Amino acid sequence: MANFITISSVLKKIIIAVTGISLFLFLIVHLLGNITIFTGSPPGRDFNAYAHFLESFGILFTIAELGLLGFFGLHITTSLYTNLINYKSRKSRYAVSNFAGGKSKKTYASTSMVITGVVVMAFLIWHVLQFRFGPYYETIYLSVNGGEPVRDLYRLITEEFSNVWVVLGYTVALSLLSLHLGHGFWSSFQSLGIYGKTFTRVTYSISYLLGLIISLGFLIIPLYIFWIN
Amino acid sequence: MANTINLKLQVWRQESADSSGDFHYYSMEDVPVDISFLEMLDILNENLTKSGIVPISFDSDCREGICGTCGFVINGIAHGPQSRTTVCQLHMRHFNDGDTLVIEPFRATPFKIVKDLVVDRGSFDKIIQAGGYVSINTGNGPDANSILIGKEDAEEAFDSAACIGCGACVASCPNASAALFTSAKISHLLQLPQGQIEQKARVKSMVDKMDEEGFGACSNHAECEAVCPKGISIKNIANMRRSLIKSIVK
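Chains as they are written, first to last, in our numbering: chain F, 1 to 229; chain H, 1001 to 1250.
Extracted from the complex, chain F is given alone in its bound form:
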């Protein structure tokens, strides 16, 4: 790590790709966990039980959280540094820029990765402060934690997502996330040197769709909570 700055641009992109794909997988796990919001009776029982189950890993859970933080940190710092180099590599800008079409995969999403990335980063800080480090409510379920109190995260999300501005903020951030993932998914494989005529065509053609599906999957929750309240 000592010579992090001096490693080649190709290796920097490989770091961005490996961390990017890992974070993509994390999003899928996160999304699957969120399904518990819609199940269980009374509402929120399964969700709180799931959150408690994760916390019950104790030190392992903390290590996983720190690991995740590390992946985000590496992804963000490497990307920002690379972006700085890229900016310097064209000091005089074009008066007109355009899209060549054809084989090009240049889109508004691909050229604004740093913007969508920074917005998503700001969103994540907000999101973590809002829930992970948000108000601590407790509730008791007879069938969870042996009848001892557990954190009532469901109450917290219900409160937060009753606020129209919060829901609006999530909508904007998740829309941008969809664009970020749209270019990021297929691009990660290309950055790792994984290219195949069919493989690349398939990953590229599903990339923006996957981004959209994941974002919509997350967005359903604030919209649903807002709707039922």
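Honestly, the hints are just simulated from the structure, not real lab data. No experiment lies behind these values; they were computed from the predicted model shown. The C-beta atom is built at its ideal place from N, Cα and C for all residues, glycine as well. Any given hint might turn out to be false.
[Said to hold, decoys possible] Some residues of chain H that are not near chain F, with every Cβ distance over 10 Å (derived):
no. : residue
1   : Tyr1026
2   : Gly1052
3   : Arg1093
4   : Asn1096
5   : Gly1139
6   : Lys1151
7   : Glu1155
[As the list claims (entries may be wrong)] With the Cβ distance kept under 10 Å, some of the chain H side facing chain F (calculated, not the full set):
no. : residue
8   : Trp1012
9   : Ile1113
10  : Ala1171
11  : Ala1217
Mind docking chain H on chain F? Use the hints.
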């Protein structure tokens, strides 16, 4: 059937590398649609010379799309709107009467503007000098067919070797990355037995040189492939990355 068109040109004029440039506006009337873009500029230059204005400088040599000397950006696309075409082979029939064309030089920090539309692409030579060759012991030329190469390998290597080094990839890249150019050469030699021996050192040295010259990092926009007059694929960039990983891991 109209076989001439009228155009409005907005051309980047810059005295020298150190001076600051700006756009100059010219009107072109009755441009024959069958001439090439460079011939259109030739006509403009003749008119400018007659009016006592310094003609626009631009690079060109073979004018048949194979040497890689010409190249500038037309309305935000390197080598203009026609795919797999250099500006010398781009004909005026691809433009409409009354079009406004913004003509700019290839812009990238390593490509210093020499004058007007002429840029110094010496950085490409330095990347090639860093490893884009095969070392051989001098002596007689080797026998033809002494090393047999499969048809498919030969074709793949030739596709990579088709790069003419015009610099459109750098010019069109949002990051001004030279990944397509560098990887085409690395990939060309990687696919032939003669290139295997020095591959590890070559990929590292050429990638380092590319960074050192001040080119950006590739973000997989693939705009380079779309503007490349020879249609060099971003598959080469993937080959370069794999080769670099292999050179570190093994």
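Status of the hints after comparison with the structure:
1. Tyr1026: 16 Å, holds
2. Gly1052: 27 Å, holds
3. Arg1093: 19 Å, holds
4. Asn1096: 16 Å, holds
5. Gly1139: 36 Å, holds
6. Lys1151: 18 Å, holds
7. Glu1155: Since the minimum Cβ distance to chain F is about 14 Å, Glu1155 (chain H) lies beyond 10 Å and the statement holds.
8. Trp1012: 8 Å, holds
9. Ile1113: Result: holds, 8 Å to nearest chain F Cβ.
10. Ala1171: Constraint on Ala1171 (chain H) satisfied, holds at 9 Å.
11. Ala1217: Holds. Min distance 4 Å.
The earlier numbered hints are all upheld by this structure, with none contradicted.
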